[in-house]
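In the order they appear, the protein sequences are chains A and B. Heads up: the first sequence at position 110 corresponds to 109 in numbering that gives the first Met the number 0, and the numbers run straight through without jumps. Heads up: the second sequence at position 79 corresponds to 78 in numbering that gives the first Met the number 0, and the numbers run straight through without jumps.
Just so you know, not all the hints are guaranteed correct.
Counterexamples of contact, computed for chain A against chain B with all Cβ distances above 12 Å [what the hints assert, rightly or not]:
1) Glu19
2) Ile20
3) Phe38
4) Asn118
5) Glu132
6) Val167
7) Glu201
8) Gly226
9) Ala234
10) Asp250
11) Asn284
Listed next, with one range per pair, are the computed distances between beta-carbon atoms [to be verified]:
12) A:Gly202 to B:Glu201: 56 to 66 Å
13) A:Glu122 to B:Pro23: 51 to 61 Å
14) A:Glu61 to B:Leu160: 56 to 66 Å
15) B:Asn279 to A:Gly120: 54 to 64 Å
16) A:Ile138 to B:Glu201: 30 to 40 Å
In case anyone wonders, no lab produced these hints; they're calculated from the structure. Here the structure is a predicted model, which is why all the values come from computation and not from measurement. Ideal Cβ positions, reconstructed from N, Cα and C, are used throughout, including at glycine.
Number of protein chains: 2
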Amino acid sequence: MITVLSGGTGTPKLLQGLKEIVNPKDLTIIVNTLENDYFSGVYVSADVDTVLYTMSDMINDEFWYGVKGDTFITHERLCELGCQELLRIGDIDRATKIQKTQLMKKYGLAKAVEIQAENMGIESKIIPMSNEESDIKLITDIGELEFHDFLIKHQSRPEVLDIKFSSVAPADGVVDAIKNSEAVIIGPSNPITSISPILSLEGVREALKDTYVVAVSPIIGSDSVSGPASKFMKALDIEVSSVGVASLYEDFIDNFIIDDKDVDKKQQLNQIVNKVTVTNTIMNNLGAKKNLAQIIMDSIL
Amino acid sequence: MITVLSGGTGTPKLLQGLKEIVNPKDLTIIVNTLENDYFSGVYVSADVDTVLYTMSDMINDEFWYGVKGDTFITHERLCELGCQELLRIGDIDRATKIQKTQLMKKYGLAKAVEIQAENMGIESKIIPMSNEESDIKLITDIGELEFHDFLIKHQSRPEVLDIKFSSVAPADGVVDAIKNSEAVIIGPSNPITSISPILSLEGVREALKDTYVVAVSPIIGSDSVSGPASKFMKALDIEVSSVGVASLYEDFIDNFIIDDKDVDKKQQLNQIVNKVTVTNTIMNNLGAKKNLAQIIMDSIL
Chain A
0 MITVLSGGTG TPKLLQGLKE IVNPKDLTII VNTLENDYFS GVYVSADVDT
50 VLYTMSDMIN DEFWYGVKGD TFITHERLCE LGCQELLRIG DIDRATKIQK
100 TQLMKKYGLA KAVEIQAENM GIESKIIPMS NEESDIKLIT DIGELEFHDF
150 LIKHQSRPEV LDIKFSSVAP ADGVVDAIKN SEAVIIGPSN PITSISPILS
200 LEGVREALKD TYVVAVSPII GSDSVSGPAS KFMKALDIEV SSVGVASLYE
250 DFIDNFIIDD KDVDKKQQLN QIVNKVTVTN TIMNNLGAKK NLAQIIMDSI
300 L
Chain B
0 MITVLSGGTG TPKLLQGLKE IVNPKDLTII VNTLENDYFS GVYVSADVDT
50 VLYTMSDMIN DEFWYGVKGD TFITHERLCE LGCQELLRIG DIDRATKIQK
100 TQLMKKYGLA KAVEIQAENM GIESKIIPMS NEESDIKLIT DIGELEFHDF
150 LIKHQSRPEV LDIKFSSVAP ADGVVDAIKN SEAVIIGPSN PITSISPILS
200 LEGVREALKD TYVVAVSPII GSDSVSGPAS KFMKALDIEV SSVGVASLYE
250 DFIDNFIIDD KDVDKKQQLN QIVNKVTVTN TIMNNLGAKK NLAQIIMDSI
300 L
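Okay, chain A solo, but in the shape it has when bound (with noise of 0.2 Å):
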């Protein structure tokens, strides 16, 4: 078993590659759920929809979020009726968020998603870090935002000036994926909003230790390949660099993969890491995306 720790957009890019080369059955998913939260009356949990989708061929992976040519209608209909809905959720992907609320009351997130993955006819088994709410608040130049209303309202633009989140206890099956997998790949998503989350549940730390453990820079030279990341290192006077992501990671890291480009870094990084691969860490086609996924897997077996 390999367990992969994902947040919504890095990671899923490294697991399109990892289902071609790896038996999707011997595959368990930890995903973040900080961000998660209401929307028009439905529970958005975006990492985890996006991981969902991505597992059963449907995500628009143009956008990292939502299903492929889904359709609108009633999120359109809902801004001429001048309830404007922060996020732009498609028809498809309504259902999805419907089924889960519902799912959800019943049985808790992780067995909901749990459904819903065998609905989806996906093999390989998806856990939320969490069935708790949790809740984070970005402190920034222009007030305390809401990390939806930061990404989205506000484009990413505020300068953000600290990170707050709460704590919340792992889901059923977290720290026992953990333990009982031959290595754990942590994926190149925003260390800060989408790993530190799962990094900081009970016994998760503990058990990577004992667990051989790669991760995926998502930093290259001084900047994140997608998303705000680089902000939240800066915010939390983390290095933006694969040498700053590396220091979140050095308690339990075995092998540091970084993209050719910072291969300047490899030596201060041995400093920090056993083992640092340099390798093309730009996932931009499939071929790519397995390339990173068999050198990762190479380096397990």
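Given the structure of chain A, go ahead and fit chain B onto it with the hints provided.
This is chain B only, laid out in the frame that chain A set:
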């Protein structure tokens, strides 16, 4: 001002005619809310939505439910996901229901409907009969059933032995609308599950006694024009005929309109009602709807 008491099928047909010959600003429509309930996490106020769609020319007047030409992308996906939605909610219609559910939480149902009517460009006043949750249970030969289970799941087939519904308080403006109207029109809606719930609101019957009331019989011969009205009347031991309907309204009615086919009942009805008007009440085209509306308005003025 003219006030109309409405359910979800017969009276909306009449409204299509009325709004062509009366200034919509002079119409107030009080709508039954007895069967309102939550489906897929949204509040479904079926009769209210039918009136909203009728007055904004959006109604699917094949089914008298939902929006003409609507798509069912989310609904069909919910079925694929194995989470059947008892009501077939269209994508445009779902936006109405999502917005209403959110507005209700803030402002209550009556204000939510007022905002939505304005959003839809409706100039008439639409008042749901109550802001309170109500409950209707049908005692049938196969056991106690929720209203929508009876209507949809069991296709109105079981024998109805009794009907129980909870008592609720009228929404603000219901009793005043009746008091301040030149006349009240009771449309050809189900007298048991659409009109009786409005009549049972505190102050309504008393207000009707002081107002000119004209009602249209939804029963021709010994059967209802649409829906399960005859079944419900039988269950309550009310004669399934225009005479039976008149007996429910006899303490306040001034003019009772029956269909040409019921002309033989005129004499018997004259024992109960001051004035009986015999005309075509089958509204199968706009001309017939306008004719019936005109006959009603002529009797008022």
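Let me make sure I understand: some of the numbered hints might not hold for this structure. Which ones are they, in numerical order? 3, 4 and 16
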